[in-house]
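Protein sequence lines, in the order shown, are assigned to chains A and B.
Sequence positions in the first sequence follow the working numbering and run 1 to 465.
Sequence positions in the second sequence follow the working numbering and run 1 to 196.
Errors might be hidden in some of the hints.
Where chain B lies over chain A, by a calculated footprint (3+ residues, C-beta under 8 Å) [what the hints assert, rightly or not]:
1) 45 to 58
2) 74 to 82
3) 107 to 121
4) 149 to 160
5) 358 to 366
6) 373 to 381
These aren't lab readings, by the way, just hints derived from the structure by calculation.
Glycine is no exception: its CB is placed at the ideal position from the N, C-alpha and C atoms.
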Amino acid sequence: MSAPQTLFAKLWAAHEVMQRADGMSLLWVDRHLVHEGSHHAFAKLAARGMAVAAPDLTFGVVDHYAPTRPGAVAPDIRRMIDTLGQNAAAQGIRLFDLRDPGQGIVHVVGPEQGLTLPGLLINCGDSHTSTHGALGALAFGVGATEVAHILATQTIWQRKPKVMRIMVTGALGAGVAAKDLALHWIAKFGADGARGHAIEYAGPAIDTMSIEGRLTLCNLSIEGGARLGLIAPDQVTFDYLQGRAFAPKGAAWDSAVADWRALRTDAGAVFDREVTIDASTIAPTVTWGTSPEEALPITGHVPDPALLAAGAQAQARATLDYMGLTPGMALAGVAVDEVFIGSCTNGRIEDLRLAAAVLAGRKSRVPGLVSPGSALVKRQAEAEGLAQIFVGAGLEWADAGCSMCVGMNGDLVAAGQRCASSTNRNFRGRQGRGARTHLMSPAMVAAAAVMGYLADVRPLLEGRV
Amino acid sequence: MSGWHVIEGRAVALAQENIDTDQLIPARFMSAPRSTGYGGFLLHDARQDDTGHVLNRFAGTSVLVTRRNFGSGSSREAAVYALVDFGVRAVFAPSFGDIFAGNAVNNGLLPARLPAEEIEALIEALGSNDALARVDLNARQAVIGGHAVVFDLDPLWQQKLVNGWDDIDLTTQHQAQILQFRAARFAAHQWAAPTV
Ligand code: SF4
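Looking at chain A on its own, in the form it has when it is part of the complex (with noise of 0.2 Å):
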């Protein structure tokens, strides 16, 4: 009998065409992920007069750059997003584009197309591809240089990561989300805490986790510097893919499944290193800093510089100056000028769901934007009456795409304003210059629409859920 597996090694061993005396693997990838910002990976390709070798296997979509908004479209926008159509048609790769029913954000897309499936190896030039081990896929961002060795050869070079393993004992209570559970992991081990390693989450908490939830929990995987993330895939995960656009049918579905229900962790399997995390004592948690590691409770209290090692203090005190506050103030009630609800890590019709829960029959006391993380979502979002219920609310309702989680299609947070945004990172600058971000889990976001101050979802939930 051979030696107990991880997962993750199992899909590893899938996918190496070879391995270099070096220690190198050459891995086959099944499908590659493209979007406006793999224009300099396109030019790379031009440069060397080559064909992209499996366009069959190629998606493209519209997102970064996606208007979200009535309105003119800047030049430069608009240049980004023909570029990518005039790269896809000239390489034959099937592209969501704009006036496509199916186009959104790259990791909604996905999954919600059946592109991604488990037992895949997934790559897009863009670190949140993490999202998609969500469906026991290995998934992983790659950079430019990387794209381009992809489109050329439909392979990728990689090192064989370690392998961490997050197990979450017990429940997620009433109000808390898998994001919360990513922010306090996050927060825990630090933002570089899980580097070097692919990270598998197993555990009650994971089983009973839906895949909205399970693909919030992997795309954050990146914010502590894994790898990738990775759940085995088991009933929910098949339950969510029948049916998709581009999953597997009739004997080929059946095939399918009898494939992937191998796709485990072998009892007894090591891992690099293991970690556990008891869900029940996690409460809705925001960042107050500008890295997700800055992550507390809501009910916690912003830190003192004063009375953290000298080295530290310079850099807390900068990080408090940017983001307008006072050492050691409670963190709940610390007025917003804006939120944000969407992004590929809460932009799923279950954020919707959640965030409309907290809303219905209320107003919002700050401006706000939701962006559906597709257009799907948006179309069962106004079929469920959600739409309504966040125009009721006062929010704007916009179109699918990356919108204000990045502002590179204009969505942007002016300098100075705060943001309570169901987004993925808090970085300086990222949401627009000198905007301060707090990220949150997308019923929090509605908390402090409510409220207008950042406040525990709990209580506005009551009699609710």
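Chain A is fixed; fit chain B with the ligand onto it per the hints.
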């Protein structure tokens, strides 16, 4: 890309941790073609907010010393382009974002790891000034402001930086094997090929 063995230049310290890719190059500059030159975008907002920023005062800097988790965040290779086009050839830090470090090596930029204590000593020695630096890739040694250090670097990355290897050329030699792999994979797992 051409390889290199030794660089001699000037070093400065960026005494900050978690310098992420959004700081290294704000998203609004990323639609520019590379031929524009990305050097002016490097740490753009920080340099504009603080005219006395160390990179404004020492525009000829080729070596950076900085704190943990440098290049965390996005896969945007543009963050590396900004460094390289500015003239930076080596960054010394206790840790780097994984994707950033890979991107750096693909563009001839050295992501050299040093223990946090040695980084702190270098930061203190450099202060807000620049100093002479010499980096020897073969020996994995550097002298920065008179301090000699031995840095940590994946031996494969060392080879790649020294030789200036281009992966596409290496891989296309294995084309037949790749095509065979594809055929076998899709024959054994029909579901793995996209339908529709
Ligand atoms: S939504 Fe944000 S994090 Fe996700 S792909 Fe778009 S820009 Fe990146």
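For each hint, the structure was consulted:
1. Evaluation of the coverage hint for the stretch 45 to 58 of chain A: fulfilled, as 5 residues show C-beta separations to chain B shorter than 8 Å, against a requirement of three.
2. With a threshold of 8 Å between beta carbons, the proposed coverage of the stretch 74 to 82 of chain A by chain B holds, since 4 of its residues qualify and at least three are required.
3. Closer than 8 Å: that is the beta-carbon criterion, and the stretch 107 to 121 of chain A has 4 residues meeting it against chain B, so the requirement of 3 holds.
4. Coverage of the stretch 149 to 160 of chain A by chain B holds. Counting CB-CB distances below 8 Å, 7 residues qualify, and the rule asks for three or more.
5. Under a criterion of three residues with beta carbons nearer than 8 Å to beta carbons of chain B, the stated coverage of the stretch 358 to 366 of chain A fails, only 0 such residues being counted.
6. With a cut-off of 8 Å between beta carbons, the stretch 373 to 381 of chain A has 0 residues touching chain B; three or more are needed, and the interface restraint is violated.
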